[in-house]
Amino acid sequence: EAGVAQSPRYKIIEKRQSVAFWCNPISGHATLYWYQQILGQGPKLLIQFQNNGVVDDSQLPKDRFSAERLKGVDSTLKIQPAKLEDSAVYLCASSLKQGTYTEAFFGQGTRLTVV
Amino acid sequence: AQSVAQPEDQVNVAEGNPLTVKCTYSVSGNPYLFWYVQYPNRGLQFLLKYITGDNLVKGSYGFEAEFNKSQTSFHLKKPSALVSDSALYFCAVRVPSSGGYQKVTFGTGTKLQVIP
Numbered sequence: 001e002a003g004v005a006q007s008p009r010y011k012i013i014e015k016r017q018s019v020a021f022w023c024n025p026i027s028g029h030a031t032l033y034w035y036q037q038i039l040g041q042g043p044k045l046l047i048q049f050q051n052n053g054v055v056d057d058s059q060l061p062k063d064r065f066s067a068e069r070l071k072g073v074d075s076t077l078k079i080q081p082a083k084l085e086d087s088a089v090y091l092c093a094s095s096l097k098q099g100t101y102t103e104a105f106f107g108q109g110t111r112l113t114v115v
Numbered sequence: 001a002q003s004v005a006q007p008e009d010q011v012n013v014a015e016g017n018p019l020t021v022k023c024t025y026s027v028s029g030n031p032y033l034f035w036y037v038q039y040p041n042r043g044l045q046f047l048l049k050y051i052t053g054d055n056l057v058k059g060s061y062g063f064e065a066e067f068n069k070s071q072t073s074f075h076l077k078k079p080s081a082l083v084s085d086s087a088l089y090f091c092a093v094r095v096p097s098s099g100g101y102q103k104v105t106f107g108t109g110t111k112l113q114v115i116p
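Heads up: the protein sequence lines correspond to chains L and A, in order. Going by the numbering used here, the first sequence opens with residue 1, and the numbers climb by one from there. Going by the numbering used here, the second sequence opens with residue 1, and the numbers climb by one from there.
If you're looking for bench data, these hints aren't it; they were derived computationally from the structure. These numbers come from a predicted model, not from an experiment. Fair warning: there could be bad hints in the mix.
[Said to hold, decoys possible] A few chain L positions that, by computed beta-carbon distances, are all more than 12 Å from chain A:
hint	residue
1	Gln17
2	Phe65
3	Asp86
[What the hints assert, rightly or not] When the alpha-carbon atoms are kept at most 30 Å apart in a straight line, the in silico BS3-like pairs for lysine-lysine are as follows:
hint	chain 1	residue 1	chain 2	residue 2
4	L	Lys78	A	Lys77
5	A	Lys49	L	Lys15
6	L	Lys97	A	Lys77
7	L	Lys97	A	Lys58
8	A	Lys111	A	Lys49
9	A	Lys111	L	Lys11
10	L	Lys83	A	Lys58
11	L	Lys44	A	Lys58
12	A	Lys69	L	Lys83
13	A	Lys77	L	Lys44
14	L	Lys62	A	Lys77
15	A	Lys22	L	Lys97
16	A	Lys111	L	Lys44
17	A	Lys69	L	Lys97
18	A	Lys22	L	Lys44
19	A	Lys49	L	Lys11
20	A	Lys69	L	Lys71
Every residue gets a Cβ at the ideal spot worked out from N, C-alpha and C, and that includes glycine.
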């Protein structure tokens with residue numbers, strides 16, 4: 001079974017530039033999550049999709065972050081414009097569906113450095 | 001609001017000795033508890049979960065965890081540590097939210113260092 005795919009693995013940008021991350025979840029997984037993991041901290045949920053609908057984006061800085069999952073499969077997370085404090089690892093995860101107490105499967109993450 | 005606490009930033013243990021990584025939680029309602037491990041430059045990997053039933057759950061790589069409702073704890077344990085167990089460990093709690101979906105909260109992580 002293929003895992004969660006993320007790209008790119010690493011990205012370095014200057015502040016005020018824009019950046020986009022891509023995630024392809026495990027086939028058949030209806031729920032997709034984007035997490036931000038700052039060095040030394042636990043993952044913080046940015047946005048959660050159920051199929052192509054957003055179920056939780058309460059911690060997403062909507063003035064600069066956006067995410068979409070148009071066809072209910074792969075997803076993109078965008079930051080525009082980036083700030084220094086956005087430097088972190090961005091993790092994508094997927095799980096079977098809501099209502100089942102299944103674990104999430106994580107991709108390897110994208111390490112973003114904003115300089 | 002739900003929360004998870006991992007009181008130790010780092011745990012050091014000698015190879016072959018038993019290890020414990022602590023986790024306590026605070027939720028309103030029945031918690032569903034998870035442990036994940038993160039190796040350097042890798043995503044999180046699922047180790048084990050408690051949903052209901054037996055308070056002692058067994059997971060991958062010889063790890064187990066004990067759910068203690070009265071102490072609101074879910075400590076991760078292994079009888080004999082290996083050097084390869086050295087990694088970052090995250091506890092997570094998942095509860096139904098008012099919106100009808102499952103909300104997951106992660107702890108801040110505990111770095112486990114197994115000393116040869």
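Here is what the structure says about each hint:
Here Gln17(L) stays apart from chain A, with its beta-carbon at least about 24 Å from theirs, past the 12 Å limit. Non-interface call for Phe65(L) relative to chain A: holds, since the shortest CB-CB distance, roughly 19 Å, exceeds 12 Å. Every CB of chain A lies more than 12 Å from the CB of Asp86(L), the least distance being 19 Å, so the non-interface label holds. Between Lys78(L) and Lys77(A) the CA atoms are separated by roughly 39 Å; this puts the pair beyond 30 Å, and the hint is violated.
With a C-alpha separation of about 40 Å, the suggested pair Lys49(A) and Lys15(L) falls outside the 30 Å cut-off, and the hint is violated. Distance restraint check for Lys97(L) and Lys77(A): the Cα-Cα separation of roughly 29 Å lies within the 30 Å cut-off, and the hinted pair is therefore satisfied. About 23 Å separates the Cα atoms of Lys97(L) and Lys58(A), which keeps this hinted pair within 30 Å; it holds. A C-alpha spacing of about 19 Å is found between Lys111(A) and Lys49(A), which places the hinted pair at or below 30 Å, so the restraint holds.
Our distance criterion of 30 Å between C-alpha atoms is met by Lys111(A) and Lys11(L), whose separation comes to about 26 Å. Between Lys83(L) and Lys58(A) the CA atoms are separated by roughly 42 Å; this puts the pair beyond 30 Å, and the hint is violated. The hinted pair formed by Lys44(L) and Lys58(A) meets the criterion: a straight-line CA distance of about 26 Å does not exceed 30 Å. Pair hint Lys69(A) plus Lys83(L) does not hold up; C-alpha atoms about 42 Å apart against a cutoff of 30 Å.
Using a Cα cut-off of 30 Å, the hinted pair Lys77(A) and Lys44(L) holds, with the two alpha carbons roughly 25 Å apart. Between Lys62(L) and Lys77(A), the direct Cα distance comes to roughly 40 Å. Violation of the 30 Å bound is thereby established for this hinted pair. Only pairs whose Cα atoms come within 30 Å are accepted, and Lys22(A) paired with Lys97(L) is accepted, the gap being roughly 29 Å. Proposed proximity of Lys111(A) and Lys44(L) is supported: the alpha carbons are some 18 Å apart, at most 30 Å.
For the hint linking Lys69(A) to Lys97(L), the alpha-carbon distance of about 27 Å falls within 30 Å, and the restraint holds. Between Lys22(A) and Lys44(L) the alpha-carbon distance is near 20 Å, which keeps this suggested pair within the 30 Å criterion. Taken as a hint, the Lys49(A) and Lys11(L) pair is broken in the structure, with Cα atoms around 33 Å apart against an allowance of 30 Å. With a C-alpha separation of about 41 Å, the suggested pairing of Lys69(A) with Lys71(L) is violated against the 30 Å cut-off.
The structure fails to meet hints 4, 5, 10, 12, 14, 19 and 20 from the earlier list, while all remaining hints are met.
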